[in-house]
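Chemist: Starting from the known structure of chain A, arrange chains B, C and D on it as the hints suggest.
Protein chains: 4
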Amino acid sequence: MPKAKTTSRLDALAAELMGAGRYLHSQGAVPATSGNLSARIDGQRVAITRSGCHKGFLEPGDIMQVDLSGQSLDGKKPSAETLLHTTLYARYPGLGSVLHSHSPAAVLASRLFKDAVILEDAELLKALPGITTHETRVALPIFANTQDIAELADEVEGYLTANDEAGTSCYGYIIAGHGLYTWGESVKEALRHIEALEFLLNIENRLYGVKQP
Amino acid sequence: MPKAKTTSRLDALAAELMGAGRYLHSQGAVPATSGNLSARIDGQRVAITRSGCHKGFLEPGDIMQVDLSGQSLDGKKPSAETLLHTTLYARYPGLGSVLHSHSPAAVLASRLFKDAVILEDAELLKALPGITTHETRVALPIFANTQDIAELADEVEGYLTANDEAGTSCYGYIIAGHGLYTWGESVKEALRHIEALEFLLNIENRLYGVKQP
Amino acid sequence: MPKAKTTSRLDALAAELMGAGRYLHSQGAVPATSGNLSARIDGQRVAITRSGCHKGFLEPGDIMQVDLSGQSLDGKKPSAETLLHTTLYARYPGLGSVLHSHSPAAVLASRLFKDAVILEDAELLKALPGITTHETRVALPIFANTQDIAELADEVEGYLTANDEAGTSCYGYIIAGHGLYTWGESVKEALRHIEALEFLLNIENRLYGVKQP
Amino acid sequence: MPKAKTTSRLDALAAELMGAGRYLHSQGAVPATSGNLSARIDGQRVAITRSGCHKGFLEPGDIMQVDLSGQSLDGKKPSAETLLHTTLYARYPGLGSVLHSHSPAAVLASRLFKDAVILEDAELLKALPGITTHETRVALPIFANTQDIAELADEVEGYLTANDEAGTSCYGYIIAGHGLYTWGESVKEALRHIEALEFLLNIENRLYGVKQP
Chain A
388 MPKAKTTSRL DALAAELMGA GRYLHSQGAV PATSGNLSAR IDGQRVAITR SGCHKGFLEP
448 GDIMQVDLSG QSLDGKKPSA ETLLHTTLYA RYPGLGSVLH SHSPAAVLAS RLFKDAVILE
508 DAELLKALPG ITTHETRVAL PIFANTQDIA ELADEVEGYL TANDEAGTSC YGYIIAGHGL
568 YTWGESVKEA LRHIEALEFL LNIENRLYGV KQP
Chain B
388 MPKAKTTSRL DALAAELMGA GRYLHSQGAV PATSGNLSAR IDGQRVAITR SGCHKGFLEP
448 GDIMQVDLSG QSLDGKKPSA ETLLHTTLYA RYPGLGSVLH SHSPAAVLAS RLFKDAVILE
508 DAELLKALPG ITTHETRVAL PIFANTQDIA ELADEVEGYL TANDEAGTSC YGYIIAGHGL
568 YTWGESVKEA LRHIEALEFL LNIENRLYGV KQP
Chain C
388 MPKAKTTSRL DALAAELMGA GRYLHSQGAV PATSGNLSAR IDGQRVAITR SGCHKGFLEP
448 GDIMQVDLSG QSLDGKKPSA ETLLHTTLYA RYPGLGSVLH SHSPAAVLAS RLFKDAVILE
508 DAELLKALPG ITTHETRVAL PIFANTQDIA ELADEVEGYL TANDEAGTSC YGYIIAGHGL
568 YTWGESVKEA LRHIEALEFL LNIENRLYGV KQP
Chain D
388 MPKAKTTSRL DALAAELMGA GRYLHSQGAV PATSGNLSAR IDGQRVAITR SGCHKGFLEP
448 GDIMQVDLSG QSLDGKKPSA ETLLHTTLYA RYPGLGSVLH SHSPAAVLAS RLFKDAVILE
508 DAELLKALPG ITTHETRVAL PIFANTQDIA ELADEVEGYL TANDEAGTSC YGYIIAGHGL
568 YTWGESVKEA LRHIEALEFL LNIENRLYGV KQP
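Residue numbers (my numbering), protein chains in the order written: chain A, 388 to 600; chain B, 388 to 600; chain C, 388 to 600; chain D, 388 to 600.
Derived from the structure by calculation, the hints contain no laboratory data. As the structure is a computational prediction, the values presented were derived from the model and not from experiment. Careful, some of the hints might be misleading.
No copy is singled out in the list; a pair is fine if it fits within one copy or between any two copies.
In silico DSS-like cross-links for lysine-lysine, where the CA-CA straight-line distance does not exceed 25 angstroms [to be verified]:
1) Lys513 to Lys575
2) Lys463 to Lys513
3) Lys598 to Lys501
4) Lys513 to Lys464
Bound-form chain A, shown alone:
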């Protein structure tokens, strides 16, 4: 009975996204109704938080289903930013989860730094897939904020394509005054990436303007 199987997978993903939302709220990273959380159901469908709810107090009914072009599959209203999630799932078949936090660290970094935050020489970079030494350099690009999400999705796509062609990995990006997008094979892995990137952003913010030894 494939239907039952899908339902139970959706239930399990919804439970994971609800837990992720509670954790992010405890960190002050999804204030008011900000942030979006999603996980892949299968090749065609994504579970994602619906428009307008508080991510720290998610209920099962706050998780909706969309296709890879961001269209609702269950009549619920998707968030305007759904497309930023689904284009990532369409691009990377192995991707299992996309998490967008609206953390103080990410918003502050976008006000302190210009085009990107450069993370380097940090052991915690090894929390990111494929990185086995601190002697590496990861850029978190900063995109200007816009209400034209289709345009922003295109801009992100262009960046990722150039990046992939150059053989560089991208682990996330910042939208100025708006927050962080990161992703992983599973909700658990994406949360781990958030923990690592937020930690590193906090350090870089704190060091802003400090003359180092």
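Modeler: Just chains B, C and D now, kept in the frame of chain A:
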């Protein structure tokens, strides 16, 4: 039986205000006996925290009833600041809740900035009603602190009237060295506004004196 | 049966001190085995945390009884700082509790400021007894740290005597690199004073070196 | 039955390490899969967190057994940093626990300070064994980060040997961009040292660049 109905509405509002107090205390935003929390019962009455209690450990008996001029309706002693709540309810018929936090962010902002804190170019402004783009500008005016609450209520009224006539929305204000007042259609909405405004105040405080790119 | 009555009062005070310790630990204010917490049992006896235990995980056996000269009444070993508590109880008959936190805010303030931290023009000062307006000025004196507690107790006594003679109230003091002492009529009131003073110290620390408007 | 005894000691230590991990995670000190926690089973064996797990959500199966040269005794895969733990146990027979946190305070300190962080004139130094006055001076050396753990273990050994010969105590060290190592007679004591050192690092970080009175 209107009496029973009123009682149960009061009970429900008291429960919401108690929850709001616990949340604000967990954020350090109602230290000692600071802060005041209220919600509208109906066109003539408001439920509000009584004088002198700790807002992080509210009990049902700590919520009292006042009329729109701030007079006690149940024999309990109202806080001196009750008038700052009731004038808002009298002014805006759709208003359901007023929350006054005494947060580090608001008190610090009032020591760093002069007449107002300007919030702009921030996605989280969309958490405020009627705002649909980050490309907006919200002023949180800063009023001098005083123990003459009637005078302060008048000053706030004057500001709001000028603001309404200019067609500008006002989402809250700061009393210097004292904290933030904000409001909404319901306790839930007012809490959301607090979350958004506190987040934005923290960013502005952190950026104070920083030369930005 | 006076004995039973005393025991139950001691039990009740122990429960309050254990709760105060858990709260202070949640705020990072009693790291490792730092801090001391006490409450008056009666005119001759004080309940106080014994030497060497962690104040965030107090058990009933960690609360001991001492007389007003700081001598153990139950065979347990008192902390070296017991005298700083008992001289306050001996001095002020109405005093019900003395709390010593080792908070980041107090330790940092003692490194930033010289002889005292001046708190003024802050609404939260009204949380302190006898203060009814923000237009006041409270000094938290900073004493040099020493391992000679008798000498320090004398120095505090001297300060308080001069203060009392001048008709000024003193609500607490800081030992440099060591933390805050404050007190009240009850554990609850002393905790409220800690909440207020820590809040205000955090603001002053944050403003250190900032040119204000 | 020595086997049962060993198992129950391992179970008890595993429970302590799991609790330490949850506490450190609540402090943001083991983000993603960072940090390592260990405790001595007996003269030949150490219980230590296995490679790759999140230290904030440890389960009994995440604790493995290694010998004093860092080799697995139970088929589980040890973390690359196991050697930094076992060389300490081999060196100091009385050592019961080694805790490595990846805290913001330690990572930031390693970016602000050059060869060591000097802690002095702080009452909390008395939380460290053998220190009975604040009038002391403790250096936390900062070692460059490397993926060659054997080399780093040698460097630490060299430092400790020189230190022991000079009659100076060493209570922990920092690996640049990577975190803090500290230790104690038991998990409880090592945690107390972490609490004290993290507190003191936060103060030193905050004072960086401040001209003091």
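Chemist: Give a verdict on every hint.
Modeler: These are the hints, each one checked on the structure:
1. Lys513 to Lys575: Answer is within; shortest intra-copy Cα gap is 16 angstroms, inter-copy 29 angstroms.
2. Lys463 to Lys513: Only across copies: Lys463 and Lys513 sit 21 angstroms apart there, 39 angstroms inside one copy, limit 25 angstroms.
3. Lys598 to Lys501: both (18 angstroms within a copy, 12 angstroms between copies)
4. Lys513 to Lys464: between (38 angstroms within a copy, 17 angstroms between copies)
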